[in-house]
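Could you slot chain C onto chain U? The hints should help.
Protein sequence lines, in the order shown, are assigned to chains U and C.
The numbering of the first sequence is the numbering used here, which starts it at 1 and goes up by one.
The numbering of the second sequence is the numbering used here, which starts it at 1001 and goes up by one.
Simulated from the structure, these hints should not be mistaken for lab results.
In this text the structure is predicted, and so the values were computed from the model without any measurement.
Hints are supplied without guarantee of correctness; some may be wrong.
Here are the simulated DSBU-like cross-link-like pairs (lysine-lysine), alpha carbons at most 35 Å apart as the crow flies [said to hold, decoys possible]: (1) U:K187 - C:K1016; (2) C:K1206 - C:K1110; (3) U:K217 - U:K127; (4) C:K1235 - U:K127; (5) U:K98 - C:K1014.
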Amino acid sequence: MKKNIWTNYLIAALLVVVFLVPVIYILLSSFKPINELFTNTPAFFPRKWTFDNYRGALATGNFTKYIFNSFIVAITSTFLAVIINTMSGYALAKFRFKGDTVIMIMILSTIMLPLEIIMVPIFQVLKFFGLYNSLWALIIPPAATPTGIFLMRQYLLTIPDEIIQSARIDGASEWKIFTKIILPNAKPAIATLAIFSFMWRWNDYVWPLIAISDPKKYTLQLAIANLTGEFGTDYNSVLAISAVSMIPMLIVFIIFQRQFVQGTMDSGMKG
Amino acid sequence: MSVKSQTYRSYLLKQKIVPYLFLTPNLIIFSIFIILPAFIGIYYSFTNMSLFTFGTPDIIGFDNYRALWSNEEFKAALWNTIKLVLVTVPLMFASSLLVATLLVQPIKAKGFFRAIYYWPVMISAIVVGIIWQWILSQDFGLFNAILTGLGFDPIRTFINPTFAWWSVVFAIVWSRTGYYMIIFVGALLSIPETLYEAAEMDGANKFQKFCFITYPSLRAARLMVFILVTMEIFKIYPLVVTLTGGGPFDATEFTVQHIYETAFQRYNIGLASAMSVVMLLIVTLFTGFNFFMSRRGENK
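This is chain U alone, in the form it adopts within the complex (with noise of 0.2 Å):
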C-alpha cells in the first residue's frame, strides 16, 4: 500500500514535467539574448538575462495595439455573450412554449456546424453585412454559443419558480424579472461562462483569420501566426509576444481555477 502512494506521487511528478516544463522552457527562453537563443547547445536557465527580445517586439510591431485589440473583443464579446446565453438559456430552462424542441435541436445542430468547416460563405456573409475588418466581427458572431446556452439552461432548472411567479404576482415585467432575479441568482454559471468566453475569445484565431486583414485590427494570435509566416520565424520577438499573451490567461486562471474545473465538467457531463 505504502509503495502504491509513492508510485502515484513519482508519476504525478513526471506528469509536472510533461505539462509545465515546457511552458518554463518558453518564458525562461524570452528573456534569453540572441547568442543563447540561436545555439545548438541551449540551457534551460538564461546565462544573462535581458529585456531586448521584449524591446524588440513592441519596436517592431504594433503589439500594444494588438494587445488593446485582444482586450476588446474578449471583454465585450464575453459581456455579450453572458447576457444573451443567459437570456436564451432562461427562455428554455422556464417557459414552455411551441417550438421549443426545435429551437432546441436548432442550437444542437450549431454544435455541428463548427467555424471551421463553413468559414468560406462566413466570409462572404461577413462582408455583405459590412463587418469585414470590422472588431464586430470577432465580438457579435461568436458571442452566440450552444455551450453557454446549455450551460446557463441548466442552471437556471435549478431555480424555483416560485421566486419567478410571486414576481409576477408582484406585477413586475418580465424585463426586470431576468435582470433582477434571473442574473444575480445565476451568478456562479455566470462567472463559468464569462471567463471561458473570455479565454476563447483571448485565444481565438479562426475567427480574425477570417474577418481581419488590417493589421490595424489585428489581435494577439493573428499577429504572432502572421509574426511566424511571414518573416521566416522571428524567434526572439516570437517568444516574447507569445510569453505576453500567457499572462492574462494564467492570471484569469489563477483566480477562477475552480470555475475552471466544474465548468468542464458541467459541460462535459450535461453537453
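Coordinates of chain C only, in the frame set by chain U:
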C-alpha cells in the same frame, strides 16, 4: 388566482411571446452566421464562384464534386486528417483517462496537480505551436540538444515528414489532455464506491476492476470525449499554422488548411465549398458512428 380574467388573458398572451423575445438575439446570430452560411456554402458548391465573382456565379451542377474526386491534393489532406483522427482519438482517450485515474487516487495536493495538468488547456493553439516548434527546432531546440547530450544523432525534426506528423499528434495530446482529464475525473468520482468494495470481496484484481466496473461505468463520458475529440481534430488548423505550417511537403496539411488555401489563395470558392460539404458529411458520419456504437452497447 385573484387576477381579473381580462388581465389574466393578456398575461397569458404575453407569456407566449416572452420566451421568443428572450431567444431572439441568439437566434438572429445563429441564423445569420451559422445556418445561412451553411446553406450558402451548399449553394456555392454547385457554382463556379470565385473570390472575385461579383453578382451571381454560374451553376455548374456536380462539376466541383467531380473535380474533387480526382483532386489528389484534397484527397491527401482528407486522408491525412482521417489518419490523425484515428491515431489521436485513442491516444487522447488513454492519456486523459490515465491522468484522471491518478487524480482520483488518495494523494495529497490533488488541486495543485490538477491545476498544473489543466494549464496547457488555457494556452492558445497558436502559442502551443510556437512552444513545440521552439523546443523541437532542429538547430536550436532543447530536444535535439538533449539527444546529442545523450550521445544520439540529432533528428531532422521538421524536415522529416514522419516526425513532423507525430509532433502534431503529440502537441494536440499535450495541450488537450487536461480538458478531457477533468471530464473523466467527474465521471470516475460518480462511480459508487460500493461497487469496488463488492468486487474486492469477490477477489477481483485491479485489472478486473477496471474492465468490469470502471470502463463500463464511463460510457456517457466516453461518448462525450470521443465526439468532442473527433470534432476537435477534424477542424485542426491553428496549431499547425505555427507548429509546421503544413509542411514538410504537405505532410501535415489537413483538410481545413486545404479548404482555406483553395478559397483564399487560389480564389476557388466553389471548389472550396464542395470540400466543406464533403468534410461536413464525413464529420457527421464519424460522430454518428460513435453515437451508434455507444447506443448499441447500451442495449446489450
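Sort out which numbered hints this structure fails and list those numbers smallest first.
none
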